[in-house]
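Asks: The primary structure of each chain is shown beneath.
There are 4 protein chains.
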Amino acid sequence: MKTDRLEAFSDGVLAVIITVMVLELKVPEGHTLHDAVTTTGHSLLTYLLSFIYIGIYWNNHHHMFQLIGRVDGRTLWANLHLLFWLSLVPFTTAWMDESHFARTPVMTYGVNLLAAAIAYFVLQLAATAAEGPESPLRRALGADRKGKLSPVLYIAGIATAAVNVWIGMALFTGVAIIWLVPDPRMERFIAENHVGE
Amino acid sequence: MKTDRLEAFSDGVLAVIITVMVLELKVPEGHTLHDAVTTTGHSLLTYLLSFIYIGIYWNNHHHMFQLIGRVDGRTLWANLHLLFWLSLVPFTTAWMDESHFARTPVMTYGVNLLAAAIAYFVLQLAATAAEGPESPLRRALGADRKGKLSPVLYIAGIATAAVNVWIGMALFTGVAIIWLVPDPRMERFIAENHVGE
Amino acid sequence: MKTDRLEAFSDGVLAVIITVMVLELKVPEGHTLHDAVTTTGHSLLTYLLSFIYIGIYWNNHHHMFQLIGRVDGRTLWANLHLLFWLSLVPFTTAWMDESHFARTPVMTYGVNLLAAAIAYFVLQLAATAAEGPESPLRRALGADRKGKLSPVLYIAGIATAAVNVWIGMALFTGVAIIWLVPDPRMERFIAENHVGE
Amino acid sequence: MKTDRLEAFSDGVLAVIITVMVLELKVPEGHTLHDAVTTTGHSLLTYLLSFIYIGIYWNNHHHMFQLIGRVDGRTLWANLHLLFWLSLVPFTTAWMDESHFARTPVMTYGVNLLAAAIAYFVLQLAATAAEGPESPLRRALGADRKGKLSPVLYIAGIATAAVNVWIGMALFTGVAIIWLVPDPRMERFIAENHVGE
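Protein chains in written order, with the numbering used here: chain G, 508 to 704; chain Y, 508 to 704; chain P, 508 to 704; chain V, 508 to 704.
Hints should not be assumed to be uniformly reliable.
The list makes no distinction among identical chains, and a pair is therefore deemed to hold if it is satisfied within one copy or across any two copies.
Mimicking SDA-like on lysine to any residue, the simulated pairs with C-alpha atoms at most 25 angstroms apart in a straight line are [as the list claims (entries may be wrong)]:
#, residue 1, residue 2
1, Lys655, Ala669
2, Lys533, Leu555
3, Lys533, Leu687
4, Lys509, Trp686
5, Lys509, Asn671
6, Lys655, Phe591
7, Lys509, Leu687
8, Lys653, Gly580
9, Lys653, Trp584
10, Lys653, His538
11, Lys655, Ala626
12, Lys533, His588
13, Lys533, Ala622
14, Lys653, His588
15, Lys533, Ala669
16, Lys509, Ile559
17, Lys533, Leu621
18, Lys533, Ile665
19, Lys509, Val688
20, Lys653, Ala622
21, Lys533, Thr546
22, Lys655, Ile685
23, Lys533, Thr545
24, Lys533, Gly548
25, Lys533, Ser550
26, Lys655, Ile684
27, Lys653, Glu605
28, Lys655, Ile625
29, Lys533, Ser606
In short, the hints are calculated from the structure, not lab data.
All chains should be modelled from the sequences, with the hints used to inform the complete structure.
Replies: Written as structure tokens, this is what we have:
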């Protein structure tokens, strides 16, 4: 099967997830800047973090399926599995936010990010398995250092959040920053191999 | 008419349905894991079940329209009819969940699943009718055992839920598991006939 | 400009509108069928009516842009104008529903439908103006009896709702039924002229 | 990378933003026209203004990517950056509305519009940078007077809103009116250069 509908559906789900989080933002109590900062400042920051995370997944998903020609039923489900974990992000974000960064909600947020990272990894395996050993994606990924480092940092973040939530949050933010830089492997590979032209 | 816009609209509706259910998930009361499990554990499980159901419909819809070349007005409405029943899934899920699996809401959930299955069957008829007796979809479906077994299991689930809701839920979950396995008929047929290449 | 992105955006907006209305459905108070019917029965019926209306607009929009090759900036805005009125449907539906069919909310619902019908007519003018007098859409529409009858019935519905809301509702439902029948003009024209092949 | 998926995702996000705002509209308290006007009249007007703004961005985004052939990772993030600010529009609209146009919320709304305008400008830079000095978009934009005037008017609106919110609102509305007129530069350029044919 071609990848166009898988991409369209994923775009739709990610578009809804990313904007639905805005519905969780409560209007500030009071009408001054001070009111806004004290009652919604932390919500806006967590929204920003989760927005960036969903953006990163969209970005990487986009890069991945530039290099995938065809998909089978297993890949469709691996993709739905990833979307499931990402669809929980508004929920875990809201809990973390509402608890004002209590220990368990912050750790749960980290577990959610970890589960999404694992689901992404599984999706990559499923998508390249369907393509065989000479898969362009597999060659473009190379050692996939970012992909291997992220789960380690998530686990470190979850563990340290048990002691101090801010170290955990710093690690979760750190992973986002690592991924914010667009993946030169992919872009170079796409440019060199004239994929999609 | 070509199928691309029907597919795009269905993707959009299913993407919204699948993510809108997250909005029904209430943030746990309290900030411990125990609070989360006791106040939202069952909501997360019902969310997971409904997510899988919508995923199954998307998956099957995707497979179906791989094999359909053109659609007429009747098929457009048969498709909207299916989307109508699927759009009620967040509503019946929320009722079942809020009632902590009371008898009538569980039976209503089953009726919703049954209605969606019938609507899917009608859509299949409409889509193949427009294509004539030599429709590739009709040939790919063959005996369509899963499609014929599901309504029977739904009816059994609705009936047994009147006595014991957990048997009903087990049957509804069982149908989901049957469908989770991707349809080899379709994939084999698509591969053998080089559809969409 | 090509019509693909206008169609994609409209599909997205209509998909969100049609499913967002489900969020307005409140979970029944109580766990019996009697509770469900008395507390949400009328909400489900109004949801069904509005679902059909949005479905009709999607259907007609789909048929229309099968016959339109290119669009200009004016058509983009005429399309947004139509989407604006349709985006208010969940709002006017909710008011009508919450008021248990009080006079003003029912009349407001009718005004909303009327405004959408006018916006659709304006969109048709804008889309065909860009195409010149030999526009295929213009020829396919012919006398456009349904398009001309609907506003008359809406106005009659709004006027009679001032006296008796149920006559008004019957007229609004009647228009929906008229449109539910797929437009044979379009389909015949598309088939005869091999549009989109 | 081709622009189709960037466009599809942006369409999805903008479609959700534009319709999600309807969910913020509260059903009027009471069932008369007077009740509706006094309790939701201002909400409907702010909804209309924000709807037009999102419509303008969709329109301009559409025009822009008619003239862009390929995008790199930087452009993907510049686009997500724009979508981030636009995704906050329902939030700042709701605050302004709930405060009945208090000073700080109105100024915040203006800051949101200003940030979106800057993000749009940055996206334009990123998109044309990837195309080199002979970019068709750069030539089509020419002096880009509207693009340069808007931030000035937003800043003027934010400053004057500190003294009188209605002057600020008038300026924000004024910018919307300036952009409502479709961009003849783009259309002329597209027509003359047969882009997308």
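Asks: If a hint holds in the structure, say so; if it doesn't, say that too.
Replies: Evaluated hints:
{"no.": "1", "hint": "Lys655 - Ala669", "result": "within (23 angstroms within a copy, 50 angstroms between copies)"}
{"no.": "2", "hint": "Lys533 - Leu555", "result": "both (15 angstroms within a copy, 21 angstroms between copies)"}
{"no.": "3", "hint": "Lys533 - Leu687", "result": "neither (27 angstroms within a copy, 31 angstroms between copies)"}
{"no.": "4", "hint": "Lys509 - Trp686", "result": "between (27 angstroms within a copy, 21 angstroms between copies)"}
{"no.": "5", "hint": "Lys509 - Asn671", "result": "neither (46 angstroms within a copy, 44 angstroms between copies)"}
{"no.": "6", "hint": "Lys655 - Phe591", "result": "within (21 angstroms within a copy, 28 angstroms between copies)"}
{"no.": "7", "hint": "Lys509 - Leu687", "result": "between (28 angstroms within a copy, 20 angstroms between copies)"}
{"no.": "8", "hint": "Lys653 - Gly580", "result": "between (27 angstroms within a copy, 16 angstroms between copies)"}
{"no.": "9", "hint": "Lys653 - Trp584", "result": "both (24 angstroms within a copy, 18 angstroms between copies)"}
{"no.": "10", "hint": "Lys653 - His538", "result": "neither (43 angstroms within a copy, 32 angstroms between copies)"}
{"no.": "11", "hint": "Lys655 - Ala626", "result": "within (13 angstroms within a copy, 32 angstroms between copies)"}
{"no.": "12", "hint": "Lys533 - His588", "result": "between (30 angstroms within a copy, 22 angstroms between copies)"}
{"no.": "13", "hint": "Lys533 - Ala622", "result": "between (28 angstroms within a copy, 21 angstroms between copies)"}
{"no.": "14", "hint": "Lys653 - His588", "result": "both (21 angstroms within a copy, 22 angstroms between copies)"}
{"no.": "15", "hint": "Lys533 - Ala669", "result": "between (28 angstroms within a copy, 24 angstroms between copies)"}
{"no.": "16", "hint": "Lys509 - Ile559", "result": "between (28 angstroms within a copy, 22 angstroms between copies)"}
{"no.": "17", "hint": "Lys533 - Leu621", "result": "between (27 angstroms within a copy, 22 angstroms between copies)"}
{"no.": "18", "hint": "Lys533 - Ile665", "result": "between (27 angstroms within a copy, 23 angstroms between copies)"}
{"no.": "19", "hint": "Lys509 - Val688", "result": "between (29 angstroms within a copy, 19 angstroms between copies)"}
{"no.": "20", "hint": "Lys653 - Ala622", "result": "within (16 angstroms within a copy, 31 angstroms between copies)"}
{"no.": "21", "hint": "Lys533 - Thr546", "result": "both (9 angstroms within a copy, 20 angstroms between copies)"}
{"no.": "22", "hint": "Lys655 - Ile685", "result": "within (12 angstroms within a copy, 34 angstroms between copies)"}
{"no.": "23", "hint": "Lys533 - Thr545", "result": "both (12 angstroms within a copy, 23 angstroms between copies)"}
{"no.": "24", "hint": "Lys533 - Gly548", "result": "both (11 angstroms within a copy, 22 angstroms between copies)"}
{"no.": "25", "hint": "Lys533 - Ser550", "result": "both (8 angstroms within a copy, 17 angstroms between copies)"}
{"no.": "26", "hint": "Lys655 - Ile684", "result": "within (15 angstroms within a copy, 31 angstroms between copies)"}
{"no.": "27", "hint": "Lys653 - Glu605", "result": "neither (31 angstroms within a copy, 42 angstroms between copies)"}
{"no.": "28", "hint": "Lys655 - Ile625", "result": "within (10 angstroms within a copy, 36 angstroms between copies)"}
{"no.": "29", "hint": "Lys533 - Ser606", "result": "both (14 angstroms within a copy, 13 angstroms between copies)"}
When held up to the earlier numbered hints, the structure conflicts with 3, 5, 10, 27 and fits the remainder.
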